[in-house]
Amino acid sequence: GDSVTQMEGPVTLSEEAFLTINCTYTATGYPSLFWYVQYPGEGLQLLLKATKADDKGSNKGFEATYRKETTSFHLEKGSVQVSDSAVYFCALTRGYGGSQGNLIFGKGTKLSVKP
Amino acid sequence: DSGVTQTPKHLITATGQRVTLRCSPRSGDLSVYWYQQSLDQGLQFLIQYYNGEERAKGNILERFSAQQFPDLHSELNLSSLELGDSALYFCASSVGVRGETQYFGPGTRLLVL
Numbered sequence: 001g002d003s004v005t006q007m008e009g010p011v012t013l014s015e016e017a018f019l020t021i022n023c024t025y026t027a028t029g030y031p032s033l034f035w036y037v038q039y040p041g042e043g044l045q046l047l048l049k050a051t052k053a054d055d056k057g058s059n060k061g062f063e064a065t066y067r068k069e070t071t072s073f074h075l076e077k078g079s080v081q082v083s084d085s086a087v088y089f090c091a092l093t094r095g096y097g098g099s100q101g102n103l104i105f106g107k108g109t110k111l112s113v114k115p
Numbered sequence: 001d002s003g004v005t006q007t008p009k010h011l012i013t014a015t016g017q018r019v020t021l022r023c024s025p026r027s028g029d030l031s032v033y034w035y036q037q038s039l040d041q042g043l044q045f046l047i048q049y050y051n052g053e054e055r056a057k058g059n060i061l062e063r064f065s066a067q068q069f070p071d072l073h074s075e076l077n078l079s080s081l082e083l084g085d086s087a088l089y090f091c092a093s094s095v096g097v098r099g100e101t102q103y104f105g106p107g108t109r110l111l112v113l
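Residue numbers (this note's numbering), protein chains in the order written: chain P, 1 to 115; chain A, 1 to 113.
One should not assume that every hint holds.
Unchecked claim - A partial selection of chain A residues facing chain P, derived with a Cβ cut-off under 8 Å:
no.: 1; residue: Gly28
no.: 2; residue: Leu30
no.: 3; residue: Phe64
no.: 4; residue: Phe69
Stated by the list, open to error - Derived pair list, reagent style DSS-like, types lysine-lysine, alpha-carbon separation capped at 25 Å:
no.: 5; chain 1: P; residue 1: Lys107; chain 2: P; residue 2: Lys68
no.: 6; chain 1: P; residue 1: Lys110; chain 2: A; residue 2: Lys9
no.: 7; chain 1: P; residue 1: Lys52; chain 2: P; residue 2: Lys77
no.: 8; chain 1: P; residue 1: Lys107; chain 2: A; residue 2: Lys9
no.: 9; chain 1: P; residue 1: Lys107; chain 2: A; residue 2: Lys57
no.: 10; chain 1: P; residue 1: Lys49; chain 2: A; residue 2: Lys57
In short, the hints are calculated from the structure, not lab data.
Just so it is clear, the structure is predicted and the values come from calculations on it, not from any experiment.
For every residue, glycine included, the Cβ atom is placed at its ideal position computed from N, Cα and C.
Generate the whole structure from the sequences, applying the supplied hints.
In structure tokens, the structure reads:
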């Protein structure tokens, strides 16, 4: 079945460091891909998304490119801040070609940014 | 603020009991999804309703049920509760039936003692 695999955490970085969180997926059809972020004690917030191959999603300095040839959607940020400390989830939906609309999530990657 | 509301925020109950979690979707959204987040299982899809009708089922136990009312709010009923049902339960909503962005509520934290 469809699935999402993301790098295990936790990831600890110093402020202004470069961030990459790897995400790969397995899916039939044409999934849409998402990154959600969960700050401590809060719900999930959409960070960015991409709905077709080669699309780049971006928001708040974060970017991810939908790579169909490598089935990947890696999250990157050039310079992280302490306020970026959170858990990041990669997810997919089966898109308009699928029969169900639910999100399938990776296990999450906890990011801690030190001053 | 996503526009999705959930009540209650916290719930503490005993094994064997029944609870009801409530969700109000964003204005204009017709789909409501329920997810369970636990340390061992991660984020798991439970069930989806679209415009009052059940649309899809995930890993939902038989002890759990849900419905979506004419005003589009949804309730998740959990019965014969077990210790392992302790988790964070999220509701999300979207405009259509599949593929669109889902917006999440703040969650209900359930603790079964």
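So, going through the hints one by one against the coordinates:
no.: 1; hint: Gly28; in the structure: 16 Å, violated
no.: 2; hint: Leu30; in the structure: 11 Å, violated
no.: 3; hint: Phe64; in the structure: 15 Å, violated
no.: 4; hint: Phe69; in the structure: 20 Å, violated
no.: 5; hint: Lys107/P / Lys68/P; in the structure: 21 Å, holds
no.: 6; hint: Lys110/P / Lys9/A; in the structure: 23 Å, holds
no.: 7; hint: Lys52/P / Lys77/P; in the structure: 21 Å, holds
no.: 8; hint: Lys107/P / Lys9/A; in the structure: 23 Å, holds
no.: 9; hint: Lys107/P / Lys57/A; in the structure: 20 Å, holds
no.: 10; hint: Lys49/P / Lys57/A; in the structure: 24 Å, holds
Hints 1, 2, 3, 4 from the list above are not met by this structure, while the remaining hints are.
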